[in-house]
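Okay, here's what each chain looks like letter by letter:
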Amino acid sequence: DTAVSQTPKYLVTQMGNDKSIKCEQNLGHDTMYWYKQDSKKFLKIMFSYNNKELIINETVPNRFSPKSPDKAHLNLHINSLELGDSAVYFCASNLAGGFTEAFFGQGTRLTVV
Amino acid sequence: GENVEQHPSTLSVQEGDSAVIKCTYSDSASNYFPWYKQELGKRPQLIIDIRSNVGEKKDQRIAVTLNKTAKHFSLHITETQPEDSAVYFCALDTGTASKLTFGTGTRLQVTL
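So the sequences go chain by chain: A and B.
1 is the number of the first residue of the first sequence in my numbering; add one for each residue after it.
1001 is the number of the first residue of the second sequence in my numbering; add one for each residue after it.
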């Protein structure tokens, strides 16, 4: 009965590779997000989608491409991985219009070697 | 983007003492102010939130106060316990742009 699930939980890959992280929510939410949490624990918003439509793109390199096939899914594809991409990536969702709790996935720890 | 400053970055208190974390923001359109707790290795989870039409909200040992004029809001934890040890994030949203922005986090350590 996981509300927001993302896979994989851990991802270790070499520089230059392309990888994807998947996220699914079963809460019926309209808005989904990707956040990056670096080693200093800062939670930085990367993207937000509302009903499959891109709303926010926070100056993220275009090597990062989100895709939302439907409002319950928001995947993140990363091309040409760099060492600085190593972080924990969190997917989250809430109801459109704000004022509501955002539910987070368990996080994906990406390590680029 | 919206700037949310959070202080202090680390806070150590003795069990039973109170802890206060403060956030300041710049966008007067912000109208929703949640607080999230992240335990080590876990996901952030909402612990309390407040809307702009309310000045204070309390839930057992935790409370949040909001000063819209001064553009700051604070989390208060009373009678702290070891299980309160975690990283706490303030956040805010304008309610229009699907953009939940987080503060820089406060690592709270409750010592015995």
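Since the hints were derived computationally from the structure, they do not count as laboratory data.
Any given hint might turn out to be false.
Here are some, though not all, of the chain A residues that point toward chain B, as calculated from beta-carbon distances under 7 Å [to be verified]:
hint	residue
1	Asp38
2	Lys41
3	Phe42
4	Leu43
5	Phe47
6	Ser48
7	Phe64
8	Ala72
9	Asn75
10	Leu95
11	Gly107
Even glycine gets a Cβ: it sits at the ideal position worked out from N, Cα and C.
Hint by hint, here is what the structure shows:
The beta carbon of A:Asp38 is not positioned within 7 Å of any beta carbon in chain B (closest approach about 11 Å), and the interface hint is therefore violated. With its C-beta approaching chain B no nearer than about 5 Å, A:Lys41 sits inside the 7 Å limit, and its interface hint holds. A least Cβ separation of about 6 Å between A:Phe42 and chain B falls short of the 7 Å threshold, and the interface hint therefore holds. Satisfaction of the interface hint for A:Leu43 is found here, the shortest Cβ-Cβ separation to chain B being roughly 4 Å, below the 7 Å cut-off.
Annotation: interface hint on A:Phe47 violated; nearest CB of chain B at approximately 10 Å, more than 7 Å. Contact between A:Ser48 and chain B, as hinted, is supported at the beta carbon level, the nearest pair being about 5 Å apart and thus within 7 Å. Taken as an interface hint, A:Phe64 does not check out: its beta carbon lies about 17 Å from the nearest beta carbon of chain B, beyond 7 Å. With a cut of 7 Å, the hint placing A:Ala72 at the interface with chain B is violated, because the nearest CB-to-CB distance is about 16 Å.
Annotation: interface hint on A:Asn75 violated; nearest CB of chain B at approximately 18 Å, more than 7 Å. Annotation: A:Leu95 was flagged as interfacial toward chain B, and the flag is violated, the nearest CB pair being 10 Å apart, outside 7 Å. At a threshold of 7 Å, the smallest CB-CB gap from A:Gly107 to chain B is about 6 Å, leaving the interface hint in force.
Violated hints, listed in ascending order, are 1, 5, 7, 8, 9, 10; each of the other numbered hints is respected by the structure.
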